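Number of protein chains: 2
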Amino acid sequence: MSDRILLAHGSGGTLAHRLVEERFVKPLLNPVLSKLDDAAVVDFAGRLAFTTDSYVVNPIFFPGGDIGRLAICGTTNDLAMSGARPVYLSLSFIIEEGFLLTDIDRIISSIRETTEEAEVKIVTGDTKVVDRGSADKVYINTAGIGVVPEGVSLSGRNAQPGDKVLLSGPIGDHGIAVMSKREGLDFSTKVESDCAPLCEMVAAMIAASPKIHCLRDPTRGGLATTLNELASQSNVRIVIEEERIPVRDEVLAACEMLGFDPLYVANEGKLVALVPASDAERVLAAMRKSKYGKEAVLIGEVKEGSSRVVMKTSLGTSRLIDMLTGDLLPRIC
Amino acid sequence: MSDRILLAHGSGGTLAHRLVEERFVKPLLNPVLSKLDDAAVVDFAGRLAFTTDSYVVNPIFFPGGDIGRLAICGTTNDLAMSGARPVYLSLSFIIEEGFLLTDIDRIISSIRETTEEAEVKIVTGDTKVVDRGSADKVYINTAGIGVVPEGVSLSGRNAQPGDKVLLSGPIGDHGIAVMSKREGLDFSTKVESDCAPLCEMVAAMIAASPKIHCLRDPTRGGLATTLNELASQSNVRIVIEEERIPVRDEVLAACEMLGFDPLYVANEGKLVALVPASDAERVLAAMRKSKYGKEAVLIGEVKEGSSRVVMKTSLGTSRLIDMLTGDLLPRIC
Numbered sequence: 001m002s003d004r005i006l007l008a009h010g011s012g013g014t015l016a017h018r019l020v021e022e023r024f025v026k027p028l029l030n031p032v033l034s035k036l037d038d039a040a041v042v043d044f045a046g047r048l049a050f051t052t053d054s055y056v057v058n059p060i061f062f063p064g065g066d067i068g069r070l071a072i073c074g075t076t077n078d079l080a081m082s083g084a085r086p087v088y089l090s091l092s093f094i095i096e097e098g099f100l101l102t103d104i105d106r107i108i109s110s111i112r113e114t115t116e117e118a119e120v121k122i123v124t125g126d127t128k129v130v131d132r133g134s135a136d137k138v139y140i141n142t143a144g145i146g147v148v149p150e151g152v153s154l155s156g157r158n159a160q161p162g163d164k165v166l167l168s169g170p171i172g173d174h175g176i177a178v179m180s181k182r183e184g185l186d187f188s189t190k191v192e193s194d195c196a197p198l199c200e201m202v203a204a205m206i207a208a209s210p211k212i213h214c215l216r217d218p219t220r221g222g223l224a225t226t227l228n229e230l231a232s233q234s235n236v237r238i239v240i241e242e243e244r245i246p247v248r249d250e251v252l253a254a255c256e257m258l259g260f261d262p263l264y265v266a267n268e269g270k271l272v273a274l275v276p277a278s279d280a281e282r283v284l285a286a287m288r289k290s291k292y293g294k295e296a297v298l299i300g301e302v303k304e305g306s307s308r309v310v311m312k313t314s315l316g317t318s319r320l321i322d323m324l325t326g327d328l329l330p331r332i333c
Numbered sequence: 001m002s003d004r005i006l007l008a009h010g011s012g013g014t015l016a017h018r019l020v021e022e023r024f025v026k027p028l029l030n031p032v033l034s035k036l037d038d039a040a041v042v043d044f045a046g047r048l049a050f051t052t053d054s055y056v057v058n059p060i061f062f063p064g065g066d067i068g069r070l071a072i073c074g075t076t077n078d079l080a081m082s083g084a085r086p087v088y089l090s091l092s093f094i095i096e097e098g099f100l101l102t103d104i105d106r107i108i109s110s111i112r113e114t115t116e117e118a119e120v121k122i123v124t125g126d127t128k129v130v131d132r133g134s135a136d137k138v139y140i141n142t143a144g145i146g147v148v149p150e151g152v153s154l155s156g157r158n159a160q161p162g163d164k165v166l167l168s169g170p171i172g173d174h175g176i177a178v179m180s181k182r183e184g185l186d187f188s189t190k191v192e193s194d195c196a197p198l199c200e201m202v203a204a205m206i207a208a209s210p211k212i213h214c215l216r217d218p219t220r221g222g223l224a225t226t227l228n229e230l231a232s233q234s235n236v237r238i239v240i241e242e243e244r245i246p247v248r249d250e251v252l253a254a255c256e257m258l259g260f261d262p263l264y265v266a267n268e269g270k271l272v273a274l275v276p277a278s279d280a281e282r283v284l285a286a287m288r289k290s291k292y293g294k295e296a297v298l299i300g301e302v303k304e305g306s307s308r309v310v311m312k313t314s315l316g317t318s319r320l321i322d323m324l325t326g327d328l329l330p331r332i333c
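These protein sequence lines map, in sequence, to chains W and R.
Just so we're aligned, residue 1 is where the first sequence starts under my numbering, counting upward by one.
Just so we're aligned, residue 1 is where the second sequence starts under my numbering, counting upward by one.
Simulated from the structure, these hints should not be mistaken for laboratory data.
Just some of the chain R residues that point at chain W, by a computed CB distance under 10 Å:
(1) Lys35
(2) Ser155
(3) Thr226
(4) Leu328
All values derive from a computational prediction rather than experimental measurement.
The beta carbon of each residue, even a glycine, is placed where N, CA and C say it ideally should be.
Just need the whole structure built from these sequences, with the hints factored in.
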């Protein structure tokens, strides 16, 4: 049993201290985290962005990522969507008794790599252990703090008629990668999750135009749900063109097989930007130059109207795109 | 089934939006939270304290509190232990499919009351739903941000020989309250959890003496584990006197029946302070004047020596007090 998590690892006692010091703090070491006080204390001045997400993805390891990479990308991306540069993260584990210590190490190693890529530091954390059957392997929460640069003001409420709708790349990769692994499906071309930190691309976009109105990452509920959120928050009509929305062939094939609409499938490394028409080309160019935006495209426009999303289909008709209803893909993130 | 949580409540779609807007945002409403962007944006200047905890307590409702009150107290107390005034919290739920919506309301109502008492705002949040059997009812994560006043520098590393050890009240109440409820035990006098926000007391203590060296709340692992952490971080010997440590009669009786040592039983509304001898009386007086410190006492002293805790027993002998080993009380917080 010594290679597995025991209830005593969550007790606050000696085993818990050893677990935290050897398997969490050592690999993620930085001067703030190593103090091991009840709270991290750091200097901060300016406009602060603050967000949180819990990650319950099943399975915890999937093509293109794992729950650790997801927990860093998801939260740093939420910060980036407010225009912030992510700076500090908290990291909290809920672990099921019996979980393999080597899987903890694998997750922490992935977390370390992703924090280095996103240039963010984990400065505080927590570990809880629950009895066998009271969780499914491991759940992770990350909360994040970022700095919003002077002059940047992004919100889902800022969309204006005339704005162009930009999408950073093909949709549906994450949802299909997780579902195919969960269901044991085998496609001729393997679909990998797009799970990636978008903060570097967002910084380049803001440098290209500080006038960007809204950014949002289409995670749970997919592109359709995200566009509906923005249309509703800003009380505008968003019109997108089906032909312009990139979907990989293998994702489309999987969606057809599984009965999914790629518009509703989750992404973890994509963003939607609503940008004044005058700056759209410049922002699109900045996206295409960055690592995770090479396939960025313009997919539509914001119009006068109230809280709806309309798609011009490849047949030339118009279709109302609703928010996701029901539970298409539980535990996708 | 409409009175229970469905998987679709975690999908990011319409049901998820309705759950969040009606049952979370409306009762907890403030101008930042109501924006519903991916991250909350607020102004901040100064030294920032940041902490996180996940709460997996079983049962979720117990005498003297519930998982909601615990999630606010635990995290604001961790901030307070760094000398910070808690300001902003995040709130993230992992909910098991089938959980009663009325229990969500009950928890949120308790969260609202406790945030009002602690004068802290919930500004961002997240909700995940997992399939039945993949969690035990509900788990909550809160992360918190606080402001550390100028000139305050508290750390477990700051203890000095000569410091007095102050304890804010009787120990063991929380652990025994939770265990008695979980095991269905019935004591002639009901034990209630001490679960409480300590930030007001801490502010009064700091006003009485900015020279306090360490504060820590003896939660998981109890007073014995907390004193061991401080002795180890500061590399000092801490000597406490058994006769001075307050334990309620009913807690002592329960501990004897269950085979627990109250020194290792969790508290959720107590703190330990290590304070220079010159200021100890003043700090103690400030504690006794505040709502949750009326029974505060001096229990010992910091001495030269290395990383150990010694207790002078009521029989006149000395006993080495170790950190908790094993899993005395799983899922106590």
